[in-house]
Amino acid sequence: MAVLAKLDSGSRAAGRGWSDLTIRNLFILPTIAFLIVFNIFPLIYSLGFSFTEYRASLNRPAVFVGLRNYRELLSDPGVWANFTITAQYVIVSVGGQMIVGFGLALLLNRQFPLKGLVTTLLLLPMMLSPAVVGLFWKLLYDPSWGPMNYALGLGKFEWLTHPTNALFAVAITDIWMWAPFVMLLSLAGLSAVPKHLYEAAAIDRAGWWYTFRRITLPLVAPLLLIALIFRTMEAFKAFDLPFIMSTASVETVAIRLYQMAFQGWDTGRASALAYIVLLVVLAITNLYVKYLNRVKER
Amino acid sequence: MAVVTSPAHRIGNAIAIVSVILATVIFLAPIYWIASTAFKPRALATSVPPTVFFTPEVTPFIKLFTKRVQLKQAPSPEVYAAAPWWERKIYDGGERVLKVGDAPQLSQYPNRFANSLIVAVLSTILAVGMGTFTAYGFSRFRIAGEQDLLFFILSTRMLPPIVVAIPMFLMYRAFDLNDTHIGLIILYTAFNLSFSVWLMKGFMDEIPKEYEEAALVDGYTRMQAFFKIVLPEATTGIAATAVFCFITAWNEYAFALIMTNRRAQTAPPFIPSQIGSGLPEWTVIAAGTFLFLLPVAIFTFLLRSHLLRGVTFGAIRK
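Chain order of the listed sequences is A and B.
Counting from 1, position 120 in the first sequence corresponds to residue 119 in numbering that gives the first Met the number 0; the numbering is continuous, with no gaps.
Counting from 1, position 156 in the second sequence corresponds to residue 155 in numbering that gives the first Met the number 0; the numbering is continuous, with no gaps.
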């Protein structure tokens, strides 16, 4: 920045071509403008709709109803049920991802042949399209011929068609997809733990549990926290997997929102629910960025 | 890294490695199963117990790309002998390929695949192009409220697609952009732009400022320095960012489900929609899934050293 300041004060270099100010604006403003036009403006538009009674399927103008949509949504037991199911899904799925992902990272955190290949193979699930993953897991779970029941010896166990099993079945698929994400972040944390700490612990004859609790965990914790916040946010938004695998029994908030907006065409009320979801997501994003910056500064 | 010294440690290490092998097998089993189903004869797709070893065939892929009808009667031996190998495979299954003149009629799959490709490639070019400039701006210049702006940019990425889709659907309806490639490209560009800015900023921050400063002293303008010094240095970063953006757009489901239904429909909403109609042919669906997942699997290997950076928006680099 020191050089920049020098150039700005009318030196010869600053006089050539466009000024830094012009270039900065030229580089940054189009992106900001694009995001405002295609993200922020639509959201302002739908904020307006959230205070109205409006159906996008009918050719009738929106009628202003004040806070009625919000009031009715927050007192609707159906909507609360969607939030409860979403919360259960977040707990089971993110909890599973943290345990499986961190466990895998602990196992991988040593030297062995083909380590790079094995790590990449384990990361594959999180790169795949959730819609297509949902589809082929639906086939895996098929009660009559799906390989899952055969592999686990469960007979005709109903995974997705049974109302309480379905949540766990979808969560297992989500764990399969995203435990690798937790693994990736945990591995980064584990490899950053200075070796001499373990050597010192070995000299002191510290047990495995003690070493884990006092050395490994505290040093990996910041990255685990980032994984936890990010996955919580993503699971809260869950749509693709539960929608494709089991619409009826795992009705998350996002699925309810989709049905309200694009099947019931209750646009006004759906906009209000969208805003409730938006506030939750923004709050979690804020938390995420805060911890991300904290790790970055280390 | 645990220091392996005592026999107890060595046994622990061996158990860990066996567990790693087991975990890898379990994690890859679903992928192996769907990939192998794509090469199975029709009768083996839903067999109990699942068939693990079989003679692979490509018939599911021929079926995937063609329109077929049930044969009323077997083709005459001359017709059968004159048919190309792939057509004979279809005859063998008791069906015939529908044709326009001599050319086989294509199924919807190649069209949906092409839509996915068009939308993903063009939105990636736009997002990475704009993102690279913006990232340079954030990396090198003093910007009032930089942290707030960066947060604003990232927050647009975190919005649930359905939340954005409600007003976008209405706006697109007004501008006649529903079910068009351009409509989907705009949405995916917006979705990937924030990611591209964050990731590229991480890469730009790693290019030493001294490079451009030396160029400025040598008489380059800042634009020349950017194009001749910074961009070549950032090639790896641009490539990695592009692959990430491509995969995100390629995989996207919710926007595509809401905004497209026919002309511009991409593969993710199309592939699962095949199940609802009649008796699904699992081997054909598996073949479609396999072809769709293959590019992503290849890209994952190419990206392996950048995955951590990618999933944390460039914040964690190692």
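Simulated from the structure, these hints should not be mistaken for laboratory data.
Values in this document were obtained by computation on a predicted structure and should not be read as measured data.
Mixed in with the good hints there might be a few duds.
Quick list of simulated restraints, FRET-style, between CB atoms [what the hints assert, rightly or not]:
{"#": "1", "chain 1": "B", "residue 1": "Ala238", "chain 2": "A", "residue 2": "Pro217", "range": "46 to 56 Å"}
{"#": "2", "chain 1": "B", "residue 1": "Ala42", "chain 2": "A", "residue 2": "Gly102", "range": "22 to 32 Å"}
{"#": "3", "chain 1": "A", "residue 1": "Trp144", "chain 2": "B", "residue 2": "Trp85", "range": "48 to 58 Å"}
Pairs of lysine-lysine, DSBU-like flavour, derived with a Cα cap of 35 Å [said to hold, decoys possible]:
{"#": "4", "chain 1": "A", "residue 1": "Lys155", "chain 2": "A", "residue 2": "Lys295"}
{"#": "5", "chain 1": "B", "residue 1": "Lys88", "chain 2": "B", "residue 2": "Lys71"}
{"#": "6", "chain 1": "B", "residue 1": "Lys66", "chain 2": "A", "residue 2": "Lys289"}
{"#": "7", "chain 1": "A", "residue 1": "Lys289", "chain 2": "A", "residue 2": "Lys114"}
{"#": "8", "chain 1": "B", "residue 1": "Lys66", "chain 2": "B", "residue 2": "Lys88"}
{"#": "9", "chain 1": "B", "residue 1": "Lys98", "chain 2": "B", "residue 2": "Lys88"}
{"#": "10", "chain 1": "B", "residue 1": "Lys227", "chain 2": "B", "residue 2": "Lys208"}
{"#": "11", "chain 1": "B", "residue 1": "Lys98", "chain 2": "B", "residue 2": "Lys66"}
{"#": "12", "chain 1": "A", "residue 1": "Lys295", "chain 2": "B", "residue 2": "Lys71"}
{"#": "13", "chain 1": "B", "residue 1": "Lys208", "chain 2": "A", "residue 2": "Lys194"}
{"#": "14", "chain 1": "B", "residue 1": "Lys227", "chain 2": "A", "residue 2": "Lys295"}
{"#": "15", "chain 1": "A", "residue 1": "Lys194", "chain 2": "A", "residue 2": "Lys114"}
Covered stretches of chain B, as calculated for chain A (at least 3 residues, CB under 8 Å) [unchecked claim]:
{"#": "16", "segment": "78-92"}
{"#": "17", "segment": "110-117"}
{"#": "18", "segment": "164-176"}
{"#": "19", "segment": "295-304"}
C-beta: ideal position from N, C-alpha, C; glycine also.
Hint by hint, here is what the structure shows:
{"no.": "1", "hint": "Ala238/B - Pro217/A: 46 to 56 Å", "in the structure": "37 Å, violated"}
{"no.": "2", "hint": "Ala42/B - Gly102/A: 22 to 32 Å", "in the structure": "39 Å, violated"}
{"no.": "3", "hint": "Trp144/A - Trp85/B: 48 to 58 Å", "in the structure": "28 Å, violated"}
{"no.": "4", "hint": "Lys155/A - Lys295/A", "in the structure": "50 Å, violated"}
{"no.": "5", "hint": "Lys88/B - Lys71/B", "in the structure": "16 Å, holds"}
{"no.": "6", "hint": "Lys66/B - Lys289/A", "in the structure": "54 Å, violated"}
{"no.": "7", "hint": "Lys289/A - Lys114/A", "in the structure": "33 Å, holds"}
{"no.": "8", "hint": "Lys66/B - Lys88/B", "in the structure": "14 Å, holds"}
{"no.": "9", "hint": "Lys98/B - Lys88/B", "in the structure": "16 Å, holds"}
{"no.": "10", "hint": "Lys227/B - Lys208/B", "in the structure": "14 Å, holds"}
{"no.": "11", "hint": "Lys98/B - Lys66/B", "in the structure": "8 Å, holds"}
{"no.": "12", "hint": "Lys295/A - Lys71/B", "in the structure": "68 Å, violated"}
{"no.": "13", "hint": "Lys208/B - Lys194/A", "in the structure": "33 Å, holds"}
{"no.": "14", "hint": "Lys227/B - Lys295/A", "in the structure": "29 Å, holds"}
{"no.": "15", "hint": "Lys194/A - Lys114/A", "in the structure": "19 Å, holds"}
{"no.": "16", "hint": "78-92", "in the structure": "violated (count 0)"}
{"no.": "17", "hint": "110-117", "in the structure": "violated (count 0)"}
{"no.": "18", "hint": "164-176", "in the structure": "holds (count 8)"}
{"no.": "19", "hint": "295-304", "in the structure": "holds (count 6)"}
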